[in-house]
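With the hints as constraints, model all of the structure from the sequences given.
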Amino acid sequence: MDLVMRQQALGAPPAQNPEIAARQAVMATCTGATTTELEQALGSLGPIPAASDLRGTEPGLVMLRGRMGGDGNAFNLGEATVTRAAVRLEDGRTGFAYQLGRDAAKARTAAILDALWQGPERDAVEAALAPVRQRLADEAAAKARRVAATRVNFFTMVRGED
Amino acid sequence: MYVAVKGGEEAIDNAHGLLAHERRGPVSIPDLSPDQIENQLALAVDRVMAEGSLYDPALAALAIKQARGDLIEAIFLVRAFRTTLPRFGNAEPVETGAMAIERRISATFKDLPGGQVLGPTFDYTHRLIDFLLAAGVTPPAPAEVTTEQEASPRVTDLLDGEGLIEQELRDDGAEVGDLTRAPLDFPADRDLRLQALARGDEGFLLALGYSTQRGYGRTHPFVGEIRFGEVMAEFVPEELGFAVPLGTVSLTECQMVNQFHGSAELPPQFTRGYGLVFGQSERKAMSMSLVDRALRTREFGEDVVAPAQDEEFVLSHCDNVQATGFVEHLKLPHYVDFQAELGLVRQMRAEYMARQQELKEAAE
Chain A
1 MDLVMRQQAL
11 GAPPAQNPEI
21 AARQAVMATC
31 TGATTTELEQ
41 ALGSLGPIPA
51 ASDLRGTEPG
61 LVMLRGRMGG
71 DGNAFNLGEA
81 TVTRAAVRLE
91 DGRTGFAYQL
101 GRDAAKARTA
111 AILDALWQGP
121 ERDAVEAALA
131 PVRQRLADEA
141 AAKARRVAAT
151 RVNFFTMVRG
161 ED
Chain B
1 MYVAVKGGEE
11 AIDNAHGLLA
21 HERRGPVSIP
31 DLSPDQIENQ
41 LALAVDRVMA
51 EGSLYDPALA
61 ALAIKQARGD
71 LIEAIFLVRA
81 FRTTLPRFGN
91 AEPVETGAMA
101 IERRISATFK
111 DLPGGQVLGP
121 TFDYTHRLID
131 FLLAAGVTPP
141 APAEVTTEQE
151 ASPRVTDLLD
161 GEGLIEQELR
171 DDGAEVGDLT
181 RAPLDFPADR
191 DLRLQALARG
201 DEGFLLALGY
211 STQRGYGRTH
221 PFVGEIRFGE
231 VMAEFVPEEL
241 GFAVPLGTVS
251 LTECQMVNQF
261 HGSAELPPQF
271 TRGYGLVFGQ
281 SERKAMSMSL
291 VDRALRTREF
301 GEDVVAPAQD
311 EEFVLSHCDN
321 VQATGFVEHL
331 KLPHYVDFQA
341 ELGLVRQMRA
351 EYMARQQELK
361 EAAE
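So the protein lines, in turn, are chains A and B.
If you're matching positions, the first sequence starts at 1 in my numbering and goes up one per residue.
If you're matching positions, the second sequence starts at 1 in my numbering and goes up one per residue.
Possibly wrong hints are sitting among the right ones.
Unchecked claim - The calculated lysine-lysine pairs, modelled on DSBU-like cross-linking and capped at a C-alpha distance of 35 Å, are: (1) Lys143/A <-> Lys65/B; (2) Lys331/B <-> Lys6/B; (3) Lys143/A <-> Lys110/B; (4) Lys6/B <-> Lys65/B; (5) Lys65/B <-> Lys331/B.
As the list claims (entries may be wrong) - Non-contacting residues of chain B with respect to chain A, defined by C-beta distances greater than 12 Å in every case (computed): (6) Gly136; (7) Arg283; (8) Thr324; (9) Lys331; (10) Tyr335.
Calculated directly from the structure, the hints in this document are not laboratory data.
Please read all numbers here as calculations on a predicted model, not as lab measurements.
Ideal Cβ placement from N, Cα and C applies to all residues, glycine included.
What follows is the structure in C-alpha cells.
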C-alpha cells in the first residue's frame with residue numbers, strides 16, 4: 001500500500017484529487033437515489049457495454065464509528081447494513097458500489113454507472129443523474145427551510161431600573 | 001421421581017399459528033405496512049436501530065411489525081439478523097460537526113454560531129391527547145424560512161479555545177475495541193464503554209443517569225449541546241483506497257458539560273460526558289452522556305460510590321437482549337433442577353422433624 005492510500009485508509013480527509021472527489025459525488029447521488037431513478041438513468045444512456053459481476057452483489061455490515069466528544073478517539077457506534085456490488089464492463093472498466101441498505105438491484109445499477117462514468121460516458125452519466133441530484137438538493141433545501149423556521153430568536157427583557 | 005418428557009411440537013406450531021393470527025388482528029382493519037411503521041412510528045424504529053445496534057430503518061420497521069410492537073423483541077430480531085451477515089469493515093468516524101442540523105439546542109449558551117433550532121420536538125407541547133389524530137386530519141404545511149446556511153460548530157469547540165473545558169485526546173492510530181468481537185473485560189476502556197452504552201437499554205441508562213442527578217455519583221451536568229440531523233457515512237474499501245459515501249444516517253449527539261476537575265498539572269476545567277445514538281433519541285443520548293461521565297472515575301481519581309460509577313455493574317446489565325434472555329430463560333422447563341430441589345427440601349424437612357422430635361423427647 002503506498003503512502004497516499006495508507007493515509008486515506010487511516011481516515012485522512014478524502015483525496016484532494018478532483019477526479020476522486022467527482023467520483024465520490026456521483027456515488028453519493030446514487031446512494032440518495034431510488035432504484036427506479038437509477039434504472040431510468042441507466043436506461044437513458046442508450047447502448048452501453050454489457051456488464052458482468054466482478055464479485056456477486058451481496059449484503060453485509062459496516063461498523064459505523066463515532067468520536068469521543070465528537071472530536072476525540074474513535075469508538076464503535078453500531079453496524080449498518082450495506083450492500084456492495086462490483087462489476088466489469090466488456091471493455092474492462094470496473095465499477096463499484098457500497099450503499100446503506102439491502103437493495104441489491106440498486107447497488108448493482110450504481111456500480112454499472114460508476115464503471116461507465118470512468119470512461120467516455122462520463123458526461124452522459126452526469127446528465128442522466130442531474131434530475132436525481134436536483135431532487136435531492138430540493139428536498140434538502142425544503143427541509144432546511146422548515147428547520148430554519150424553528151430557529152429561536154432570543155430577546156432579553158429589560159430588568160429593574162438600569 | 002423424575003420422568004423424562006418429550007413432545008409439545010404440535011402445541012408449539014399451533015401457538016406460533018395463533019401468534020400470527022393475533023398479530024394480524026381483525027381482517028376488517030387494514031394490514032399495517034412496514035413503510036407506515038418506518039415513517040409514522042419513526043422514533044420506535046430509531047430505538048430498535050440504536051439498541052439493535054444496526055442502522056437499517058426498513059429492517060427495524062419490519063422487526064417491529066413482527067414483534068407486534070414489543071420493542072425489545074424487535075431489538076432481539078435485529079441483533080439475530082446481523083449475525084447472518086459478513087462484515088465488510090469499519091467506517092470512517094462520523095463528522096458530527098458537519099451534520100445537516102434538524103435540531104440543535106444548548107442549555108449553556110444562548111447565542112451560539114449556527115443558532116438554536118428546535119426542529120421537530122415534543123418539548124413545549126402540552127401533553128394533551130390530540131383527538132384530531134384519531135380523525136386522520138392532515139396537518140397544515142409547516143412554516144418555512146429562507147436563510148443563509150450557517151456553520152454550526154460543536155459548542156465544546158467554542159469553549160475549547162479558552163481551555164475552560166477538557167479537551168479530547170485524538171490518536172487516529174489507537175486500536176478501537178469491539179465488544180461484538182471480544183468479550184468485555186474489566187476495567188474496560190472508554191471506547192468499549194461508549195459502544196456498550198450506545199446499544200444499551202434506554203430505560204436502564206435513563207434510570208442510571210437520573211440516579212446521578214439525585215446524588216448517587218453526582219456530576220453537576222449541563223447540556224452543552226444536543227444536535228440531531230444527518231451525516232454522511234463513509235467507508236474506505238480496500239479495492240478503492242478512497243472514502244466511499246455509503247449514504248446518510250440520522251444521529252443524535254449530546255455534549256454534557258460537567259463540573260470541574262483540576263490537578264497538579266492542569267488548572268480547574270469543565271469535564272465532559274458524551275452521547276451518540278442512531279436516530280432521533282435525545283433521552284437516550286442525554287442518559288448516555290450522563291453515564292459516560294459517571295463512569296470516568298478512574299481518569300479523574302474519583303471514588304466509586306454509586307451504581308452509575310461502577311462500570312462492571314453498568315456494562316454487565318445495560319444490554320436488554322442479554323438481560324431479557326437471562327430473565328426469560330426462567331420460564332423454560334426446569335423440571336430436573338426443580339425435582340432435585342424438591343428432593344433436597346424434603347430431606348431437610350425430614351431431618352428437621354427428626355431433630356424436633358429428639359428435642360421434645362429430651363425435654364420430656
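To see whether the hints hold, each was checked on the structure:
1. Lys143/A <-> Lys65/B: holds, 28 Å
2. Lys331/B <-> Lys6/B: This hinted pair holds, its Cα atoms lying about 17 Å apart.
3. Lys143/A <-> Lys110/B: holds, 24 Å
4. Lys6/B <-> Lys65/B: holds, 32 Å
5. Lys65/B <-> Lys331/B: Holds, because 24 Å separates the two Cα atoms, which is no more than 35 Å.
6. Gly136: Gly136/B is indeed farther than 12 Å from all Cβ atoms of chain A, at 22 Å.
7. Arg283: Per Cβ check, Arg283/B is outside 12 Å of chain A; nearest 17 Å; holds.
8. Thr324: holds, 19 Å
9. Lys331: holds, 29 Å
10. Tyr335: At about 39 Å from chain A, Tyr335/B clears the 12 Å cut-off, so the statement holds.
Hint compliance for this structure: no hint is broken.
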